[in-house]
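Q: Now for the letters of each chain:
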Amino acid sequence: MVTLFSVSNTLSAALLGALAHILPTPLNGWATSSGVVTGLAALIFGAILLAASMLNTILLIWWERKLLGRFMDRRGAMHVGYAGLLQNFADGLKLFRKDTVRPGQADPLGFWLSPTAYMVTSLLIFGVLPISTGWNGGSLPLTLLLALVIFSFAPLFIFLGAWASNNKYSLIGGMRSAAQMIAYEVPILLAVVAVVIVAGSFDLTTIVQEQRDYWFAVPLFLALIVFLTGMLAEMERIPFDLPEAEAELVEGWNTEYGGMLFAFFMLADYLRALVGSILVVLLFLGGWTLPSYVPSVLTSFPLAGIVWFMVKTYIVFGIFVWIRASLPRIRTDQLLKLGWMRMVPLALLSIVLATLVVKAGCPPVLHCVPPMGG
Amino acid sequence: MWVNMGPQHPMTHGLWNLRVRIEGEIIKDVEPELGFLHRGIEKISEDRHYNEIITLMDRTCYVAGLAWEHLFILAAEQALHITPPERSEYIRVLASELQRIASHMMWYAAFVQDLGLMSPFLYGMRDRDLVLDLFQSFTGGRLTYEYMRVGGVRNDLPLGFTGQCRRVLDWLIDRFVEYDHLCLASTIFHERCDGLGVLPAPEAVAYGVTGPMLRSAGSHRDLRKDRPYSVYDRLQFDVATATSADVTGRYLVRMEEMRQSVRISRQCLDWLDDHPGPVLAAQLPRWLGAPYAPVGNESYLLKRNYPTGLGFSMIEEPHGEAGAYVVNDGGEHPYRVKFRSPVLINVWAAKRYLPGYRVADIPPIMGSVDVCVGECDR
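Protein chains in written order, with our numbering: chain A, 343 to 716; chain B, -9 to 368.
Any given hint could be a false lead.
[What the hints assert, rightly or not] Below, simulated SDA-like cross-link-like pairs (lysine to any residue); rule was C-alpha separation at most 25 angstroms, straight line:
no.: 1; chain 1: B; residue 1: K18; chain 2: A; residue 2: L678
no.: 2; chain 1: A; residue 1: K510; chain 2: B; residue 2: G346
no.: 3; chain 1: B; residue 1: K33; chain 2: B; residue 2: V317
no.: 4; chain 1: A; residue 1: K510; chain 2: B; residue 2: G14
no.: 5; chain 1: A; residue 1: K440; chain 2: B; residue 2: P0
[Stated by the list, open to error] Not everything, but these chain B residues come out facing chain A in the computed CB check (under 10 angstroms):
no.: 6; residue: H(-1)
no.: 7; residue: P0
no.: 8; residue: L107
no.: 9; residue: M108
Source of the hints: derived by calculation from the structure; they are not laboratory data.
Where a beta carbon is used, it is the ideal one built from N, C-alpha and C, also for glycine.
Working from the sequences, and respecting the hints, build out all of it.
A: As structure tokens, this is what we get:
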């Protein structure tokens, strides 16, 4: 079976084999030794992941712009590339050419560190997310927990950058981000616990495999709602984009960032949106699997798992965009109230439901989704 | 901590500065700073022919130009003892009401944008464009119209205008339902707007706050009813009011006002269909008919033997009650012109209705005031 690691291993071996032909005798033996091949394979593996995640992120921005345009009765980006596909690359290039300016009173270390760390932690999650069978960085028993831990680093760096910027809007935005994190992290983790109880594992691959009979979205609908809402807050999208509420805080915590640093924040935001959508697909929508009644033509072509996985991810992100297009922004105190007084009890309830599902099996009435194919 | 919201800030919708003293997220004190857009319109007016001042009126409030033209010509006609033809009065009322719809739509778009609603912003702008197309068809302009004249209006409505206008009004009436669905049906909208920026009627009157802000507090004060000008006393409409005195109340008042404006416009269109006639008074002073006569110091010396007079007018402008005072000393130019801007008063009352709420409440509250800095600073 083709996996991401086998692909990079083959590439690495081929490259080093070609290199060994040119190199003198003592070196060519070293170049083809298994340690070097594996090392280069790991590098190629990382490069592929990086390229894929960045490409998908930029596509995601395009997808959002087009969808948002349609919701707003307009067409979105149209001019650069086919249907505006290259518009975001052009925007990125423009930002790349811009000067990065640090305000005189801003703290240099925090100011430079924050966007970098924000970006890096967002990229890091892709190393543990499985895209299809075998298409992941490695099979750890606690992938899900690791992903969520890295995911929730972000508000720390947001707060750091906001404080270092020495700007009042940034500071208020950073404070809001910290307050917001407390409100949504707890319900998200509780909702995840419900999934873990039913799946019996913290490993994302196992969680997907456990959904062969029914997608967890069916028995754990409540947890799905809580998780979606929490993810919206985690991504800081409307209606929960209070930290960068542009109406009162200009641009919130990234007011002082311009040029490529702003692009870093922007990209990392969409990386996190991509991760959020992927997590929803993995935990509740059966990952890369499809129901068994789907004709096999649709599931047997090469890399079908990845294709369907991406389709699901983009659909989930489309739901987030839909929400953004139709809801106003709520206030910090209302978000805290929502998090603690609505979402936490609902998440606890979903845990109770999850234990019932485990104890009694999924009730037949919920088997509305026929068994999944592997 | 004092935070400057403005003069370059997404909340302000124009050039003004709101200084806010906050403790945490709670607003303790506010201090509006105005005057960034002061162009000295009142002083410039003393140097211009009456019809040339109409150009300035478009710039006074750039989202309600026709309403301000209406205001000025009413005062100028009183000062110059000119009676406009009846048909022109109906056209003016029609133009003012269409302008009210366009202005309120601009407000709607900006207000929902402040709440974070992105789609209705574009819906509002899209539908406002239809009204602007109507303006273009009979005034030639979309923002600065220069349409009304002392003694009437510049030109009659073009052929087929009334039919087109009715079609647009029918379309708009349906859109208002859609707007309400997008806002009033949303729980988050109510959580963000109910009980915010409360300004009870007695205090509103004490501050001099007028327009939708006053009517949202239960008052029935509307100059079109209380002190009818042009032909408003011949038209059927209701005064839009609400009782909550908060942001939601102002929203409801403005939405209802747009519906009533559609009603008034339809009556005007019916009348205009049946009563053709002149739209500019026949016996105008010659110099008034030549608005592009050279303006220079020598024209000060050319005092005409024309009766002097004072003119005062008040109209219900989309933002509130606007007033104009014109002193005619018998010359080509008015001796003194003074305007009363409703927005200036409404913004200054922020000291009363903002403290106690949160930073996140500033955009919806100030959005519900409908600030137009052009007329505020003049």
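Q: Look at each hint and say if it fits the structure.
A: Each hint tested on the structure:
no. : hint              : result
1   : K18(B) x L678(A)  : holds (22 angstroms)
2   : K510(A) x G346(B) : holds (20 angstroms)
3   : K33(B) x V317(B)  : holds (13 angstroms)
4   : K510(A) x G14(B)  : holds (11 angstroms)
5   : K440(A) x P0(B)   : holds (23 angstroms)
6   : H(-1)             : holds (6 angstroms)
7   : P0                : holds (5 angstroms)
8   : L107              : holds (5 angstroms)
9   : M108              : holds (6 angstroms)
The structure agrees with every numbered hint stated previously.
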